[in-house]
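Chains as they are written, first to last, in full-length UniProt numbering: chain A, 1 to 211; chain B, 1 to 211.
A portion of the hints provided could be inaccurate.
[As the list claims (entries may be wrong)] Covered by chain B, per the in silico footprint, the following chain A stretches (three or more residues, Cβ under 8 Å):
hint, segment
1, 70-79
2, 125-131
3, 180-191
Quick caveat, the hints were computed from the structure, so don't treat them as lab data. Owing to the predicted nature of the structure, the values given are computational and were not obtained by experimental measurement. Think of the CB as a built atom: it goes at the ideal place given N, C-alpha and C, for glycine as much as any other residue.
Protein chains: 2
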Amino acid sequence: MKYPKGSRQNKHNSQTNYTNYSQLGGTQFGNRGMTLEKELNETNKFYLETDQAVIHKKPTPIQVVQVDYPKRSAAVIKEAYYQQPSTTDYNGIYNGRYIDFEAKQTKNKTSLPFSNIHQHQVDHMRKIDDHGGICFFIIRFKLLNETFLLPIRPFIKVWDQQFEGNRKSLPYHYIKENGYLIPFTLQKKVDYLTVVDRVYFNGGDHNERRH
Amino acid sequence: MKYPKGSRQNKHNSQTNYTNYSQLGGTQFGNRGMTLEKELNETNKFYLETDQAVIHKKPTPIQVVQVDYPKRSAAVIKEAYYQQPSTTDYNGIYNGRYIDFEAKQTKNKTSLPFSNIHQHQVDHMRKIDDHGGICFFIIRFKLLNETFLLPIRPFIKVWDQQFEGNRKSLPYHYIKENGYLIPFTLQKKVDYLTVVDRVYFNGGDHNERRH
């Protein structure tokens with residue numbers, strides 16, 4: 001599967017360099033101009049270095065079509081295409097538990113459109129939940145400067161409604177009611193493990209334990 | 001980091017297609033000509049479809065340098081390089097536990113050379129073990145038609161010896177003594193979960209529980 005022009009441009013930029021902060025706006029606070037992906041990578045690095053968790057972003061899948069092998073130097077990929085990921089972007093281990101999540105951001109102020117989320121990703125997350133893993137979305141409303149952790153179960157409730165024809169996005173108010181605001185600190189720009197502690201380890205989550 | 005010419009050629013082929021069976025030799029049994037990677041992917045697919053586990057191979061990390069965006073068609077990557085993976089190739093969840101492993105094969109009959117294993121991969125695996133994950137190598141001796149599961153702890157004992165200057169490989173007899181032969185079936189070509197059951201879930205493993 002190949003991505004249409006444009007839809008992958010940000011992904012490409014964010015994978016190869018991080019010089020595109022300014023285009024994202026919201027630079028009232030220096031850090032807020034950074035992409036969610038970069039902030040998550042920094043946070044995960046901090047978790048790793050302080051031995052709190054081992055969580056990595058998976059590489060973007062790329063289908064390689066043509067490679068040159070010049071003498072005495074590295075193989076050069078000459079033709080390749082971005083592929084659609086079949087799982088989520090992030091996984092790892094925390095407190096002895098398997099953890100798996102997908103991160104999405106939107107400039108929309110009232111909802112997260114479903115258009116950037118793929119059915120097979122949701123299928124994967126449902127399976128992770130079934131197998132006892134910790135599974136959630138990290139959702140950033142860029143213009144509101146708010147980032148939420150939304151467990152997979154309340155997400156799926158709304159996701160499944162789209163097939164009855166009455167949903168094309170996840171409303172902000174639903175995310176706010178069923179999710180948890182993720183705190184920001186200088187060292188942990190998206191300190192989602194603080195929320196994971198509360199939701200999945202201290203018994204406080206009706207969403208996780210409802211089923 | 002870029003790979004030298006040659007060392008990635010197999011990796012490239014195995015990622016883009018599976019037409020290179022014959023070059024691997026050992027085709028006395030049809031399946032034995034398949035690469036270890038393909039057999040693991042098939043096995044993981046079977047585990048997934050029968051809802052036994054959710055374990056995926058991570059995409060090979062690729063550094064993208066130049067991309068074309070032709071009108072009305074998919075973005076084409078025009079220049080890119082293979083990067084060295086910073087973690088292992090496979091991870092996921094089984095029986096509610098985080099599972100993480102690296103697969104290596106060799107044509108050598110007496111040992112697995114350390115040359116294809118990177119320090120940061122071993123560091124990653126050590127951390128996974130520390131955090132309570134299930135972590136091991138799958139090692140195939142192609143010419144012997146034997147595939148072993150070797151838990152990370154006995155691996156590290158020998159790995160660390162190389163820094164005292166007296167180890168450059170993992171001896172076959174050591175792998176045989178400290179590892180577990182992985183059975184082959186038609187549906188599960190590398191049925192490592194059978195071994196995982198025995199080693200990590202039924203209390204039978206002195207290697208896992210020694211420390």
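Results for each hint:
For the segment 70-79 of chain A, the stated coverage by chain B holds: 10 residues have a C-beta nearer than 8 Å to a C-beta of that chain, and at least 3 were required. Only residues whose beta carbon comes within less than 8 Å of a beta carbon in chain B count, and the segment 125-131 of chain A has 4; three or more means the coverage holds. Coverage of the segment 180-191 of chain A by chain B is violated in this model, with 0 residues showing a Cβ closer than 8 Å to a Cβ of that chain against a need of three.
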